[in-house]
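Working from the sequences, and respecting the hints, build out all of it.
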Amino acid sequence: MAFDAPDSMSVRMPLEEWFDRYQYAVTSNIGESAVTSLSLADLPLSAEELWKLPLRYGHHQGLPELRAAIAAHYPGLTAEDIVVTAGAGEAIVVLATVLLNGRSRAVVEHPTYPTLYLVPRSRGASVELLRLRPDRQWRPDLEEVRASLAGGAEFFAITHPNNPTGSMISEAELRSVVAIARDAGVRLVSDETYGLMTEGEPLPPAACLDERAVSISTMSKTFGLPGIRIGWIACRDRELVRRLVACREHITITNNVLGEYIALQVQRDPGPFVARARARVAGNRTVVADVVRRHPRLGWVPPSAGVVALPWIVDATDEQAEQVYRNLAENRGTFVVPASGFELPGRYFRVGFGGEPHQLRAGLGHLVAELDALS
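Just so you know, the sequence shown maps onto residues 1 to 375 in UniProt numbering.
Worth flagging that the hints you see were computed from the coordinates, not collected in a lab.
We treat Cβ as the ideally placed atom computed from N, Cα and C, and that holds for glycine.
Each hint should be verified, as a subset may be incorrect.
Quick list of simulated restraints, FRET-style, between CB atoms [to be verified]:
(1) P75 <-> D183: 22 to 30 Å
(2) E239 <-> D183: 17 to 25 Å
(3) D20 <-> E80: 35 to 43 Å
(4) R294 <-> E80: 50 to 58 Å
(5) D20 <-> Q320: 23 to 31 Å
(6) V368 <-> A172: 32 to 40 Å
In structure tokens, the structure reads:
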């Protein structure tokens, strides 16, 4: 399905509008896509260094030490291949701004975080959504990928592990996708926000598999640091890197220097933070799986990685399901995310595994009560 909506950036994103309306007024947020946020007290910070940190303009490409620390996790890349951004959101905006215009075509794996297709639409590009389906475990059909890219495109976006489904392709599938995009002359943009949130070995970053491929990630989800607004782009195409920095000079110019300092301390030794996130998610996922398995009004494709999943309400209309979500937020203090915010049918909804276990159990109890009340 193709869309042309140049004005979409002037319209509120339904997903974020739902968050803005309800998430701060509930006691059980079981729709969040990140692990529980950390505080400054949880981080390996020097109070003296923080106190003396100059609050000046930062480096336009990002703090060199931070870029080097990030690049160390991308075999074959250096600090010159990294652009630090104001979260993954700005990364998507500058990529779409540089790569797309009204004559462009973009192919975007769907469902995914809406910015990946809304911003290309706002650039006037023709956007085709490559549909992932539950009967395929929310994984792409490689022949459909090949057919979609055969007509050419300037931008092909994938997200694995996936938000909101929790699906993940295999390394062999990823390498096939990279090869298909390369052979078609299409720039691959890989959202790897949840790349470290796997039970086994993480997928290799796309930027390490092809010189033109782009990897995006962030400090927000796995590390529980959305408030510092730090993300990055990794790519070995130095001309693209130059253009991305030039684009940022018209938007944010530099990053939050305090956020970069905090990110640097974590990126120097990310292991403990990743282990914390994986342990939290593994325990919570088991709790959610038990509820889904036991309740006759719930179905899902069990997630294979990441922090989220996309259950659905069985034998309910989209209108009935949307009323359940509103009742949860307004009457029971519990927050889930309607999949209508991802341009999916309303009977689907997103749950997250990264929060506090007691909040998750309470929220699931409220969900069960609402489902039991359905006719």
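Hints versus structure:
1. P75 <-> D183: 22 to 30 Å: holds (23 Å)
2. E239 <-> D183: 17 to 25 Å: holds (21 Å)
3. D20 <-> E80: 35 to 43 Å: holds (37 Å)
4. R294 <-> E80: 50 to 58 Å: holds (53 Å)
5. D20 <-> Q320: 23 to 31 Å: Holds, since D20 and Q320 (Cβ atoms, about 24 Å apart) stay within the stated range.
6. V368 <-> A172: 32 to 40 Å: Since the Cβ atoms of V368 and A172 sit about 39 Å apart, the hinted range of 32 to 40 Å holds.
Comparing the model with each numbered hint stated earlier shows that all of them hold.
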